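*Asks:* Chains A, B, C and D supply the protein sequences, listed in that same order.
If you're matching positions, the first sequence starts at 1 in this note's numbering and goes up one per residue.
If you're matching positions, the second sequence starts at 195 in this note's numbering and goes up one per residue.
If you're matching positions, the third sequence starts at 389 in this note's numbering and goes up one per residue.
If you're matching positions, the fourth sequence starts at 583 in this note's numbering and goes up one per residue.
Treat each hint with caution, since some may be false.
To give a feel for the contact side, a few chain A residues facing chain B, derived at Cβ under 10 Å [as the list claims (entries may be wrong)]:
#	residue
1	1
2	2
3	58
4	68
5	69
6	70
7	75
8	178
9	180
10	192
Calculated lysine to any residue pairs in the SDA-like style (CA-CA distance at most 25 Å, straight line) [what the hints assert, rightly or not]:
#	chain 1	residue 1	chain 2	residue 2
11	C	569	D	771
12	D	771	C	478
13	A	189	B	230
14	C	575	D	659
15	A	103	C	392
Pairwise CB distance ranges (calculated) [as the list claims (entries may be wrong)]:
#	chain 1	residue 1	chain 2	residue 2	range
16	A	116	D	584	27 to 35 Å
17	C	389	B	315	42 to 50 Å
18	D	703	C	450	48 to 56 Å
19	D	594	B	324	45 to 53 Å
Bear in mind the hints are in silico, worked out from the structure with no lab data behind them.
All values derive from a computational prediction rather than experimental measurement.
Using N, Cα and C, we set each Cβ at its ideal position, and we do this for glycine too.
So the chains spell out like this:
Number of protein chains: 4
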Amino acid sequence: MIINDAIAEILENVNQASQSLDQDNLEKAMGVLISSANVFVMGMGRSGLVAKAFAMRLMHLGISVYVVGETITPAINTGDTLLAISGSGQTSTILSTARIAKKRGAKIIAITSYPESLLGDLSDHIITIKGRTKIDSEQNYIKRQINGRHQSLAPMGTLFEITSLIFLDGLIAELMHKMDKTEDDLKEKHNVLE
Amino acid sequence: MIINDAIAEILENVNQASQSLDQDNLEKAMGVLISSANVFVMGMGRSGLVAKAFAMRLMHLGISVYVVGETITPAINTGDTLLAISGSGQTSTILSTARIAKKRGAKIIAITSYPESLLGDLSDHIITIKGRTKIDSEQNYIKRQINGRHQSLAPMGTLFEITSLIFLDGLIAELMHKMDKTEDDLKEKHNVLE
Amino acid sequence: MIINDAIAEILENVNQASQSLDQDNLEKAMGVLISSANVFVMGMGRSGLVAKAFAMRLMHLGISVYVVGETITPAINTGDTLLAISGSGQTSTILSTARIAKKRGAKIIAITSYPESLLGDLSDHIITIKGRTKIDSEQNYIKRQINGRHQSLAPMGTLFEITSLIFLDGLIAELMHKMDKTEDDLKEKHNVLE
Amino acid sequence: MIINDAIAEILENVNQASQSLDQDNLEKAMGVLISSANVFVMGMGRSGLVAKAFAMRLMHLGISVYVVGETITPAINTGDTLLAISGSGQTSTILSTARIAKKRGAKIIAITSYPESLLGDLSDHIITIKGRTKIDSEQNYIKRQINGRHQSLAPMGTLFEITSLIFLDGLIAELMHKMDKTEDDLKEKHNVLE
């Protein structure tokens, strides 16, 4: 079935990405997350859903975290961090938000496939997640037309989004260890009004 | 124009409601909001939007507040308060949430047109906001059919929703005074990432 | 009580705004809303909540409507309309979104206190809603400091937000009439999963 | 690093789940999704984010889809389908929503680890996704205390959530094929206001 091939393609991408993690870089990014007064997360479309999934776990860990665009998100200030997820590193709303955050003295962590992007330039820490993004698929359009090569079974930003989600859930496991938290600590914070 | 009549009907409802405010009751509710460890707000549909508009201002006032259903909302516990907005007082999701909150030791404040409703029964404090609600309009259906009386120009829960919003914004003015906050204090907390 | 004064200040603002409605202009805006393939609504902060409250009623009327930033919002195209709510007319995210929408051939309707703003310049139709907005309150800061004049009891954009909401609910009454819809027609579309 | 072990644990779970897919069952579920007048998706917490990620792609495919709880979601009716994601199959809000949907004549598709759950009982089609869920982790609490066994590196519902997301993205690949859609068809619908 096609579904099995699609899943295999996704897993292959995650596998490759997990082999090129830069430990030093991760340690620094975790240090920033733990020591920030508040962490603000942001992403557009499905990357925004990944940002929210990560934010929920940061809250469970006891880190003060807000989602850009939600109701009770306060002003960002020096001592805070904006974590922005953008495969292309050039989503315009992300860029303008990151510029405001930087001007107000906040640190920026980028999760992107393109460390050399405009978002990368603005960021204090970059976590590079390889994975065909929306813009790759645009650039490949003509090539594919020409040589009739089969399409990816994971359309648009799918590979980047899933790989980022899994990577960030891996980071949660690291943070649990570093902050000496057990699953039961996390559960105590879990929303019960559902 | 019809729009002028509709606005007049809305203003008339707010006016009437504002004349029957119970000062004692309000003082108690404000006391609960100020002294809670965390305030959780909730409403369905347009009442949920009113709840969010109120939550934003509570955050500006420096009160720790969460919206039920948003990403970073933690577990509710003793010492916390759930403020639930429901015109009918019988929205099923609101009731089941209020029951969980109560069982966990939280206080309940209801904003409703029906203090004798199931939600009213569950609540520690009730703020009654008169205003034709969704259920009134249901009960009036047959009557209207029979006597051909003109319809309200504010369909479904509109009067309750707007009156609640204005009332809660009035409460913010009271809270600013009580907490000795100026508009400039509020602005410092206002989200800047827009 | 302060709450009564605050409510009176809000009602006074709505009253004044309702006296300066431009019928011709409204007719044209309604024509655009009814004839659009899809209406997209947008606002930041509490103006965004007003936009959502209006969108819910447009949906009840059977108009195809989307909220910018929600999950299932598709691409905007020629034949569509973006209705943007911004008191100041200069919210940066609103401006960049309006520019994209315009470039793709959509019409723009602005709800703003400042028809001469950047948002006003971009728009095909402007509905002016008077009401002290966030920027007024900023510009008044020094004046207030100097002459010790009492502060507004409706902080930041409150007057603009509430006046816009009531105005848009009045517009719904007009649209019901124009589209020959009864309250019972609207109820049939009302979300039941709550 | 712990992050590598966590990623490996996640991938292992997806791998196992992908080996037990029931083709017949999937074909039927896809038939329901394609032939529904409207698809409504729902989930709480991180499962809700998975539901939204899937809804976005259904929209790109041209299927009429709504997210329960978002602004423009209309009444559900006969001919519609509710797709509910719940690891445990016993989330109370999900159950009460599914009951309303069923009573109104809609079909129910469940994504769950527990086909024999209350949600399973209510559903017309069940897609079983294995993966330690929140309740497993609760039931294992005492066992782990006793035998000091190391904890999962994917706390609470993580394995279920990620496996469901990847599975549903695989389903999108199947649907693209079945509906004869290319990636470029999907892109035409992709939100551009970001």
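*Asks:* It remains to establish, for every hint, whether it holds in the given structure.
*Replies:* Okay, the hints, checked on the actual structure:
1. 1: violated, 34 Å
2. 2: violated, 33 Å
3. 58: holds, 8 Å
4. 68: Where the cut-off is 10 Å and the nearest Cβ of chain B is about 5 Å from residue 68/A, the hint holds.
5. 69: Hint on residue 69/A: holds, closest Cβ of chain B at ~8 Å, below 10 Å.
6. 70: holds, 5 Å
7. 75: Constraint on residue 75/A satisfied, holds at 5 Å.
8. 178: With a minimum Cβ separation of about 21 Å from chain B (threshold 10 Å), the hint on residue 178/A is violated.
9. 180: violated, 19 Å
10. 192: holds, 5 Å
11. 569/C with 771/D: Not OK: residue 569/C and residue 771/D at ~31 Å, beyond 25 Å, violated.
12. 771/D with 478/C: With Cα atoms ~28 Å apart, residue 771/D and residue 478/C exceed 25 Å; violated.
13. 189/A with 230/B: Holds: residue 189/A and residue 230/B sit about 17 Å apart, inside 25 Å.
14. 575/C with 659/D: holds, 13 Å
15. 103/A with 392/C: violated, 41 Å
16. 116/A with 584/D: 27 to 35 Å: At 29 Å between Cβs, range holds.
17. 389/C with 315/B: 42 to 50 Å: violated, 28 Å
18. 703/D with 450/C: 48 to 56 Å: About 35 Å separates the Cβ atoms of residue 703/D and residue 450/C, which means 48 to 56 Å is violated.
19. 594/D with 324/B: 45 to 53 Å: violated, 59 Å
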